[in-house]
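Could you build all of it, start to finish, from the sequences and the hints given here?
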Amino acid sequence: MSSSAAPRRSTRATGLGRVLVAVYAILALAATGRSVTQILDRFEEAPVAFSLSALAALVYLVATVALVAPGPVWGRVAWIAIGFELEGVLVVGAISAAAPELLGITDPSPFGRQATVWSWFGAGYLLVPLALPVLGLLWLRSRSTAGRRADASEEVAA
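Taking the numbering used here, the leading residue of the sequence shown gets 1, the next gets one more, and so forth.
Just so you know, the hints here were simulated from the structure itself, not pulled from any lab data.
Incorrect hints may appear among the rest.
[To be verified] The calculated label-pair distances, taken between Cβ atoms and stated as ranges, are:
no.	residue 1	residue 2	range
1	P70	V48	33 to 43 Å
2	L16	P72	15 to 25 Å
3	I80	T14	15 to 25 Å
In this text the structure is predicted, and so the values were computed from the model without any measurement.
Beta carbons are placed, not taken as given, at the ideal position from N, Cα and C, and that holds for glycine.
Structure, rendered in structure tokens:
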């Protein structure tokens with residue numbers, strides 16, 4: 001038996017969503033590279049900060065997959081990952097700016113050896129880590145609103 005149904009595609013990865021997916025994928029690669037280098041080369045220098053770099057890499061990877069994968073479960077995963085990312089950027093950004101020693105950062109520079117992806121609100125990445133989750137959440141909201149409108153029009157047509 002063959003199925004004539006087309007494979008489901010994520011509506012989250014269309015239009016502007018494709019750009020978001022591309023940026024998330026780039027940040028996933030950048031954060032992974034940064035955290036692996038920091039952890040292997042000098043973990044004892046700032047273990048909390050470097051662990052946060054690894055966490056950021058994981059969050060970017062999950063967000064990338066969730067934006068591409070179809071279905072409501074992946075939609076919820078995208079909301080959770082991107083919401084967590086925004087909280088991470090805001091919390092880590094505030095701590096790194098106000099009390100970097102709490103993160104084990106002794107070089108208080110957004111471009112220093114101990115900076116993380118989220119420290120100083122992502123200043124080392126041109127503040128993209130601060131803007132991206134806001135755009136991502138707005139995109140997810142627009143997709144869920146569009147989905148509700150499509151569902152409502154299907155009900156009216158039936």
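Hints versus structure:
For P70 and V48, the Cβ-Cβ distance of about 37 Å falls inside the hinted range of 33 to 43 Å, so the restraint holds. Between L16 and P72 the beta carbons are some 20 Å apart, a value that agrees with the proposed interval 15 to 25 Å. Distance hint check for I80 and T14: the Cβ-Cβ separation is about 21 Å, which falls inside the suggested range of 15 to 25 Å.
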